[in-house]
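Line by line, the protein sequences give chains A and B.
Residue numbers for the first sequence follow the working numbering, beginning at 23 and rising by one.
Residue numbers for the second sequence follow the working numbering, beginning at 23 and rising by one.
Just so you know, not all the hints are guaranteed correct.
As the list makes no split between identical chains, a pair holds if one copy fits it or if it spans any two.
[To be verified] Straight-line alpha carbon distances no greater than 27 Å define the calculated BS3-like cross-link-like pairs of lysine-lysine that follow:
1) Lys122 to Lys216
2) Lys216 to Lys249
3) Lys122 to Lys429
4) Lys435 to Lys380
5) Lys56 to Lys122
6) Lys122 to Lys376
7) Lys380 to Lys197
8) Lys108 to Lys197
9) Lys105 to Lys197
10) Lys83 to Lys380
11) Lys108 to Lys56
Worth flagging that the hints you see were computed from the coordinates, not collected in a lab.
There are 2 protein chains.
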Amino acid sequence: MSIETEIRRMAEAARIASRAIAVASTDRKNVLLKRMAEGIVSRSAELAAANEQDIAYAREKGLSAAMIDRLTIKDATIQSMVKGLKEVAALPDPVGETVKSWTRPNGLEVSRIRIPLGVIAIIYESRPNVTIDAAALCLKSGNAVLLRGGSEALHSNTVLADIISQSLAETGFPKEAAQVVPVRDRAAVTELLKLEEHIDVVIPRGGESLIRFVVENSRIPVLKHYKGVCHIFVDRDVDFEMAISVCLNAKVQRPGVCNAMETLLIHEDAAPVFLPIVARALREANVELRGCERCLAIVPDMHPATENDWYTEYNDLILSIRIVPDLDAAIDHIGRYGSRHTEAILTKNEANAKRFLKEVDSSVVLVNASTRFNDGGELGLGAEIGISTTKLHAFGPMGLEELTATKFIVEGKGQIRV
Amino acid sequence: MSIETEIRRMAEAARIASRAIAVASTDRKNVLLKRMAEGIVSRSAELAAANEQDIAYAREKGLSAAMIDRLTIKDATIQSMVKGLKEVAALPDPVGETVKSWTRPNGLEVSRIRIPLGVIAIIYESRPNVTIDAAALCLKSGNAVLLRGGSEALHSNTVLADIISQSLAETGFPKEAAQVVPVRDRAAVTELLKLEEHIDVVIPRGGESLIRFVVENSRIPVLKHYKGVCHIFVDRDVDFEMAISVCLNAKVQRPGVCNAMETLLIHEDAAPVFLPIVARALREANVELRGCERCLAIVPDMHPATENDWYTEYNDLILSIRIVPDLDAAIDHIGRYGSRHTEAILTKNEANAKRFLKEVDSSVVLVNASTRFNDGGELGLGAEIGISTTKLHAFGPMGLEELTATKFIVEGKGQIRV
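Next comes chain A alone, as it looks inside the complex (with noise of 0.2 Å):
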C-alpha cells in the first residue's frame, strides 16, 4: 500500500471514529483520559525504552544537544502527562454548551450549540509529549484526531500511540479515533494536506519553516502563529521598578518561548533615566543589548541594531530596543514588525493605557503586565492546544473551546418560507 492510500484511509477510518467520539458524554471521555493516564504510568519502562532508542538515533544523526533534551522523556516529563490529562479531565466539556437561543417573529426556536470540529490533524517537531497532551484536548472537546510527530521521536511516538489506542479500545471507543500517522517523508504530509473532506482543521506546532510549508500546501484550514515578535513599550509616565521588574521577566524568565519579549520601545523623555537602568539589570541577567542610534547615544557600549532585528524573533538572551518619540510612534512600530502575538504597555497615562488596548492588533495586548502572560493556563483557559496570530476562528491561546464550533438548531410546528 502506497503512503498516500495508508495516510487517506487513516483519515477516512478518523472520520467515522469522529462520530462516537463527538457524541460521548464528558464522563465517558473523562473515563478515557484517566485510563491513557494508567497506561503511560504502568507502561514506563517500555516508554523509556523506546525513547533510549529515539536519543541513540539522534545522538548519531549529530541533533543540538537543545533538540535531544527536548526529545528525552524525563520522569519529570510522565508525570508532567500525567498531571496534564488529569486537569484536561477536570475541565469542563464545552460540547453540548447552548451559546445562545431566541425565537423568531413567525415561531421558529433558533439555537446555536457547540459541537466539536470533527478531525484534528496536529503536526509536531521533536516533544513526543505533545502526542499525549494534544490528543487529550481533541479528545476532550469531542475531536478526533491524527498525529504527525517528527521523526527523531519516532519510537516513543509508537508507544504512546499504541497506548492511547488501547485505552480508546478499552473504553469502548473506536481506537482510530486518535491515530499516530506513519513518520516517512514530506509527501505523507503533503497528501494529508490535501484531504479536506476527512479533515476540518490542521495545527501545526514547532518552527516557522514547518508552519509555512503546511500553510503553503494545505486545503485544510489551519490554525498556527509563524512566531513571536512581543513587544514591551515603557511610556513616560511609568513606575521604573515596576517596569524594569516586568522587562526582566518578559526577556528572561523563559527566552525561548514565543511569549518572551523581543523588543523593547522607550519613550524619548523615559529613555535618558530609564534606559541606562534597565540596561544595567538586562546584562546583569546576561542579555545581549542591541539598540538604535539614539539608544547608543545614551548607552554607548551596546551592539547597534540593524533593521533586520526588528522583525527578529531571536528566542534567546538578545533584545533590541528602541527610543521613540510618542505613543503613536510606539504603535506604529509594532504595526510596521510586530507578530500581532503579544504587546504590552507600561505606564500610568489611563488614556494613553486605553488607546493601546484598542489600537494594537495583537492577539494579546497588556497593561503594566508581562507578555509571559498570553498562555491558556494564565489567562484561565484551562490547558491549550498552541497560540493563533490569524484572526479566523481563534485568535490568542486557544483552549478546549477554540477546538469547537457552533451549529444552529431550529425547532419549529411546520413552518414555510414566504
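Given chain A, work out where chain B should sit, using these hints.
Only chain B this time, still in chain A's reference frame:
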C-alpha cells in the same frame, strides 16, 4: 506596472486603510453607508449606461439568459442595494463588544473584545449588487475590503467602486478601505491569494469551480461552502399535511438556491401512503422525480435514481427520493452524501427529533420546518455575507459578527509570571 505589483500595492494600501475603519465609531460608519446609498441613487443613470455595456458584451460572448439576468441592474436592483445599505446601517455594530471578562487569582483583569478581522477579499461572479452588499457588511464591521467581481460585470463594478471610493473620501475615510480589483486574468487572483500578510480572509461566492480554485490556491484562510445538497427526512410518525407543505416549500419556492431540498428521505413505514401523495403534489409543481428502487415499486413512473444523484445539487426542479428503513439509515445517508449545509426532520417523535438535531453534522439542522430557513435574515442575524459549511470560524449563515474576531486585553498592576 505588472498586475502582480498592482494587486500587491492595493492589498498593502487596504491593510493601512483598515486601521482607520477598524477604530471608527458606529455613527461614522453609518454615515458612510448612507452616503453610499445617496451615491447609488444620484448616479443611477451612469450606472445604467455602464450596465448596458456589460450586457452588450455578455450578449456578444453568448452568455445564457440566466447569466444575463443576474448581470442586469434593474430599478429593483438599485432599490434593493439602497434598502440593503439602510438595513446594514440599522444593524448593531459588533465591534468593541466585551464578549466575556474575568479576574485571575493574581489580580489580572482579562477581557475578550470583539475586533474587525482586518482586510477581507471577496471573489465573486456576475451579480454587480454583491459589490455594494458585501462592501456594506465589511465596512460596517470595521473591515477594509478588496472586491474582485467577474469580468462580465467590469463596467458596472467600476462605477460602483467609484461611488464607494467617493463616499469614503467624502466621509473622511481613506478611499483604499474598499477597492475593486481590476479584472484581467486568473493570475491576478492567484497573486491576491498569496498575500496572507495583508489579507485576513477570502470569501469566494459563486459556482463550485470558482470556490475550489480559491481553496486550492489560497494561503489565506477561506470562508466558503462548495454546495448545498440539503435533505428532508420524513419520519414514520408525521403530520402528512404539514410534511407535504414543508417539502413543497423546500423544493419549489426557489429551487435555484443552496438551501433548497435536493434529496427527500422517507421512512419505509410512511412511504406507502406518503410517497404517492407527495409525488403528485411535487409533479403538479413541475418537479422531476428520481427515486430509489423501493420508490419505483410504489410509484412506478419515476426516473430511477443513480448513485450520482445522491451527491447532486440540482439547483433546479429535480428531486431525488429514497426510502430508508429508519432514522439511523437517514442519518447515515446524510453523513455519506450530504454537504453539511442544511437538513430537516419532519416528525411527531420527540426522541427522534432530538437525536437528529444532535447527530446530524450540518450547519443548520431543523425539526418540522423548511430547509429554506438557512439564511442570515430568516434566522435573525440581520444581513448575511454567505453561508459556511466548514467549521472553522463560522458554520452556517454569516452575519456581521462572523466578520469579527476577539482579542484578549489584560490589565495589571505590574504582575510578572512566576
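Here's how the hints hold up against the structure:
no., hint, result
1, Lys122 to Lys216, "neither (34 Å within a copy, 36 Å between copies)"
2, Lys216 to Lys249, "both (25 Å within a copy, 19 Å between copies)"
3, Lys122 to Lys429, "both (11 Å within a copy, 20 Å between copies)"
4, Lys435 to Lys380, "between (45 Å within a copy, 19 Å between copies)"
5, Lys56 to Lys122, "neither (32 Å within a copy, 31 Å between copies)"
6, Lys122 to Lys376, "between (30 Å within a copy, 18 Å between copies)"
7, Lys380 to Lys197, "between (47 Å within a copy, 22 Å between copies)"
8, Lys108 to Lys197, "within (21 Å within a copy, 54 Å between copies)"
9, Lys105 to Lys197, "within (23 Å within a copy, 54 Å between copies)"
10, Lys83 to Lys380, "neither (49 Å within a copy, 50 Å between copies)"
11, Lys108 to Lys56, "within (7 Å within a copy, 56 Å between copies)"
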